[in-house]
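In order, the protein sequences belong to chains A and B.
Residues in the first sequence are numbered consecutively from 245, following our numbering.
Residues in the second sequence are numbered consecutively from 245, following our numbering.
Among the hints, erroneous ones may be present.
Stated by the list, open to error - Just a few of them, taken from the derived set where beta-carbon distance is under 7 Å, the chain A residues facing chain B: (1) Ser253; (2) Leu255; (3) Val324; (4) Asp328; (5) Arg329; (6) Asp352; (7) Ala355; (8) Val361; (9) Ala365; (10) Val367; (11) Arg378; (12) Ile380; (13) Pro384; (14) Leu386; (15) Leu412; (16) Asp414.
No lab work stands behind these hints, which were simulated from the structure alone.
Built from N, CA and C at the ideal position, the CB exists for glycine as well.
Number of protein chains: 2
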Amino acid sequence: MAEQAAHLSHLEHLGDATKFSPQIHALIPKCDLLENFSPAEVRLLAHFMDVYQAPLGTEIIREGDGGDFMLMLVEGKVEVHKRDRWNTPQLIAVVDAGKTLGEMSMIDGEARFATCVATEATVLAVLDRENLARIIVEQPLLGAKLLMELVLMLSQRLRATSGRLLDLIDEQPQRLPGNVPGP
Amino acid sequence: MAEQAAHLSHLEHLGDATKFSPQIHALIPKCDLLENFSPAEVRLLAHFMDVYQAPLGTEIIREGDGGDFMLMLVEGKVEVHKRDRWNTPQLIAVVDAGKTLGEMSMIDGEARFATCVATEATVLAVLDRENLARIIVEQPLLGAKLLMELVLMLSQRLRATSGRLLDLIDEQPQRLPGNVPGP
């Protein structure tokens, strides 16, 4: 929790996510991660999450930083920027309520892939790796469901990203493709 | 099991993976999926897998086909080909013992992303979605561990693939000059 506190100390902590579970449940139709969750499962999951508030303009996470948590946007809007080879931030995505961010670092503990900035007043539910591990031990079926959804989400993103990469490589016949993810 | 049999009926079935668990365990140092598994966990996992043999030249899985299983190469070597925009198969990877293939279709049930051809006599351990679901219910901690490893593996591939995609986009000549920083 010390690390999470350090990386989120610039945000206002609104407490654990239990009292937000009706709002989180209302996100299900637009939330890939929760699409197969029941209201009871969302309530159970909310026990393991914390909610933070970020005013417009807040840099929520920064490319290259540590941080072993993922975020679910409960309200608001976030821009995702990644630095290009000239170190200039480029907008790579705009995400709104129901979307999740930072799953890769929660899982692999590696540096943040991109920077996320609130472009509206934003409310975020946070799940860190320690609480993910607690879910797996204390609520193994909920843990398995959450992990299955993460695997599914990453798998679909990997298909889309690999497809786009191969399309671009096709356009550059002089380029050796090297290894891209398997089937 | 009917679907798995249909998609693997061209391979010789060597039985369940239990008697191969010493060989599978020996793969751990080169197997991302199993890197944190103990011998006891490998033995447990092997109960849920089947082993097949594919002679040199066998097309093990085919791009675009259905098939809800993943493969672990126990022995041999496999080439991975994906059709480009001109429908010509392009070699995108060569994988050997310890590597896994087909995780995305096991998880999301979508069509195979690429074709895999044995370039040596190959022995494969197969895990299908039905058995993954059985592991989660019957051995929830083993299931959670397997899913965590899958999430980790996909996450690292997604980082690598996204990084390469963004590098290629950076190199695109049609980029707006405004996006390139001045002196």
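Going down the list of hints, with the structure as the test:
A cut of 7 Å between beta carbons decides the hint on Ser253(A): the least distance to chain B is about 26 Å, and the hint is violated. Against a cut-off of 7 Å between C-beta atoms, the interface hint on Leu255(A) is violated, since the closest Cβ of chain B lies about 24 Å away. Annotation: interface hint on Val324(A) violated; nearest CB of chain B at approximately 11 Å, more than 7 Å. Below 7 Å, beta-carbon pairs count as interface contacts, and Asp328(A) has one with chain B at about 5 Å; its hint therefore holds.
Hint on Arg329(A) holds. Least Cβ distance to chain B is approximately 5 Å, under the 7 Å limit. The restraint placing Asp352(A) at the interface with chain B holds, with a minimum CB-CB distance near 5 Å, inside the 7 Å limit. With 7 Å as the threshold, the beta carbon of Ala355(A) stays out of range of chain B, its nearest partner Cβ sitting at about 10 Å, so the hint is violated. Taking 7 Å as the C-beta cut-off, the interface hint given for Val361(A) is violated, the closest approach to chain B being about 18 Å.
For Ala365(A), the interface hint is violated, since its Cβ never comes within 7 Å of a Cβ in chain B; the closest pair sits about 29 Å apart. Given the 7 Å rule on beta carbons, the hint for Val367(A) is violated: about 25 Å separates it from the nearest Cβ of chain B. Because the closest C-beta pair between Arg378(A) and chain B is about 12 Å apart, greater than 7 Å, the hint is violated. The beta carbon of Ile380(A) comes within 4 Å of a beta carbon in chain B, closer than 7 Å, and the hint placing it at the interface holds.
Given hint, Pro384(A) at the interface with chain B, holds; its Cβ is 4 Å from that chain's nearest Cβ, closer than 7 Å. Given the 7 Å rule on beta carbons, the hint for Leu386(A) is violated: about 10 Å separates it from the nearest Cβ of chain B. The interface hint given for Leu412(A) holds, since its Cβ lies 5 Å from the closest Cβ of chain B, which is under the 7 Å cut-off. Taking 7 Å as the C-beta cut-off, the interface hint given for Asp414(A) holds, the closest approach to chain B being about 5 Å.
When the structure is compared with the earlier hints, violations turn up for hints 1, 2, 3, 7, 8, 9, 10, 11, 14 and for no others.
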